[in-house]
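Peer 1: So you can see what is in the structure, the chains are spelled out below.
There are 2 protein chains.
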Amino acid sequence: MKIEVCYTPELIKQFDLKGKIVVVIDVLRATSCMVAGMGSGVETIRPVSSIEACTELGAKGYIMAGERGGKKVEHFNMGNSPFEYMEDAVRGKKVATTTTNGTKAIELSADADEIIVGAFLNLSAVVNYLENKGKDIVLFCAGWKGRYNLEDSLFAGAVCNGLRNTAAFEDDATLSALFLYQSMKDDLSYYISRSNHAARLSSFGILRDIEYCAKIDEFSVVPKLLDDHLVL
Amino acid sequence: MKIEVCYTPELIKQFDLKGKIVVVIDVLRATSCMVAGMGSGVETIRPVSSIEACTELGAKGYIMAGERGGKKVEHFNMGNSPFEYMEDAVRGKKVATTTTNGTKAIELSADADEIIVGAFLNLSAVVNYLENKGKDIVLFCAGWKGRYNLEDSLFAGAVCNGLRNTAAFEDDATLSALFLYQSMKDDLSYYISRSNHAARLSSFGILRDIEYCAKIDEFSVVPKLLDDHLVL
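From first to last, the protein sequence lines stand for chains A and B.
Taking the working numbering, the leading residue of the first sequence gets 4, the next gets one more, and so forth.
Taking the working numbering, the leading residue of the second sequence gets 4, the next gets one more, and so forth.
The set of hints was computed from the structure by calculation and includes no laboratory data.
Given the structure is predicted, the values throughout are model-derived calculations rather than measurements.
Hints may be right or wrong, so weigh each one.
It does not matter which identical chain is meant; a pair holds if it fits inside one copy or across any two.
Stated by the list, open to error - In silico lysine to any residue, SDA-like type, Cα no more than 20 Å apart, as pairs:
{"#": "1", "residue 1": "Lys218", "residue 2": "Arg197"}
{"#": "2", "residue 1": "Lys148", "residue 2": "Glu13"}
{"#": "3", "residue 1": "Lys148", "residue 2": "Pro12"}
{"#": "4", "residue 1": "Lys5", "residue 2": "Asn199"}
{"#": "5", "residue 1": "Lys96", "residue 2": "Arg197"}
{"#": "6", "residue 1": "Lys63", "residue 2": "Val234"}
{"#": "7", "residue 1": "Lys63", "residue 2": "Asp230"}
{"#": "8", "residue 1": "Lys148", "residue 2": "Ile15"}
{"#": "9", "residue 1": "Lys74", "residue 2": "Lys218"}
{"#": "10", "residue 1": "Lys97", "residue 2": "Thr58"}
{"#": "11", "residue 1": "Lys16", "residue 2": "Lys148"}
{"#": "12", "residue 1": "Lys218", "residue 2": "Asp190"}
{"#": "13", "residue 1": "Lys138", "residue 2": "Ile15"}
{"#": "14", "residue 1": "Lys75", "residue 2": "Glu87"}
Required output: the full structure, derived from the provided sequences and hints.
Peer 2: Below, the structure written as structure tokens:
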């Protein structure tokens, strides 16, 4: 079981995803929302890349969710807050979502054998899942507009830390992610709140979201992509 | 004085280099060689991208140096070992060099106001130089074939550490490099020797080079690019 870390979508072409499990990571906030939603009874979530595709699914009965530049798309039912995904109104429903970085990372993972989504909210569940499967792993950080970001790299490091006795650490990015996590883990939410993306989001007044996305193991679900839909 | 870190040439397009000082970093071994050479009395070093360009300069009296895939180019005078750059035979001479990653990073830095080269061998000199200039800085890791690598990121972190009280740390990559360095700094040569590139180089029997490139402050020179040549 080999584990690798890809820090941004710009670098994913350097990885051979065939036969591997890809963990898509967009802590602030796409994959945190997906975990919160699937862990709170949402039936399925369909990630799509465009507002148009999301709107079309809306006409077919999906709840339309998503943001552009951190803000809710105007005619959508909800934005990209984990709290919205945990409301009664979405329980048992199908949600179509489009986000800036997370959805793109999912699309770029198409070659993988299996795509799951991870966030601090389901950290242990993800680690256990990967341990049980025993396949090679690529931890794919969605980043921000193609750039390296702190919170996704930290989560990748947290998964590495969980698998440090069972997986083979062969590449430099993986070793770095592990050390980064180990050096920040005692004050994780502080560092996440200091990240560039948290600073951007803070300007929209959603500090509550950032704090929630830094929580560990609120859910034990591992959403998995099947026929373009996230299922449990 | 703002400081940013670019982890690989694949990401350099995300940075605006205009008006900034770029520090090109290729610890194993291009920039270590440049520092060792310029610090040992080589008159000038001209980095070029191709074997052909290097051969042409050889016909004009330059000593031809460089590697491909870690090995000396067959008809060249020397390879890419810092020890070759410190020999009497190159003192006072002009050297033309072509390497896999370092030369490419220098070419991609063309928009910068100033390009200097850094390695552990001249760490404090680089930090002092940047501190005195007071300009915005991009620490540009040459990586390996476009991938993230440990030794260059660690050096970037070492520079960040040296400037932690004077420079503004605004981006996530910079904060991560700083933490990575701080968590590995007590056993730097061990971690560098564990890196992917060190493992590749070890198979060529050049452990001595790797150990030397992890040495700090052997030289106090800061080679700077001027009209395509490195000068002091």
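Peer 1: All the hints need checking, so say for each whether the structure fits it.
Peer 2: Checked hints:
Taking the closest pair of Cα atoms, Lys218 and Arg197 come within 20 Å of each other only inside a single copy of the chain (15 Å); across copies the shortest separation is 33 Å, beyond that limit. For a Cα distance limit of 20 Å, the shortest separation of Lys148 from Glu13 qualifies both inside one copy, at 9 Å, and across copies, at 14 Å. With identical chains, the CA atoms of Lys148 and Pro12 are at most 20 Å apart both within one copy (9 Å) and between copies (16 Å). Only between protomers do Lys5 and Asn199 lie at most 20 Å apart by alpha-carbon distance; the minimum there is 14 Å, versus 30 Å within a single protomer.
Proximity of Lys96 and Arg197 under a CA criterion of 20 Å is satisfied in neither setting, with 34 Å inside one chain copy and 50 Å between copies. In this assembly of identical chains, the alpha carbons of Lys63 and Val234 lie at most 20 Å apart only when taken from the same copy (19 Å versus 67 Å across copies). Proximity of Lys63 to Asp230 under the C-alpha cut-off of 20 Å is restricted to the intra-copy arrangement: shortest distance 17 Å within a copy versus 63 Å between copies. For the homomeric pair Lys148 and Ile15, the shortest alpha-carbon distances inside one copy (14 Å) and between copies (13 Å) are both at most 20 Å.
Within a single copy, Lys74 and Lys218 get their C-alpha atoms no closer than 22 Å, and across copies no closer than 49 Å, so neither meets the 20 Å cut-off. In this homomeric assembly, Lys97 and Thr58 come within 20 Å of each other (Cα to Cα) only inside a single copy, at 13 Å, whereas the closest approach across copies is 64 Å. Both within a single protomer and between protomers do Lys16 and Lys148 lie at most 20 Å apart by alpha-carbon distance, with minima of 16 Å and 12 Å respectively. Taking the shortest Cα distances, Lys218 and Asp190 sit within 20 Å of each other inside one copy (12 Å), while across copies they are farther apart (32 Å).
For the identical chains of this complex, Lys138 and Ile15 are intra-copy neighbours only, at 18 Å inside a copy versus 33 Å across copies, given an alpha-carbon limit of 20 Å. In the homo-oligomer, the alpha carbons of Lys75 and Glu87 lie at most 20 Å apart inside one protomer (11 Å), although the nearest pairing across protomers, at 60 Å, exceeds that limit.
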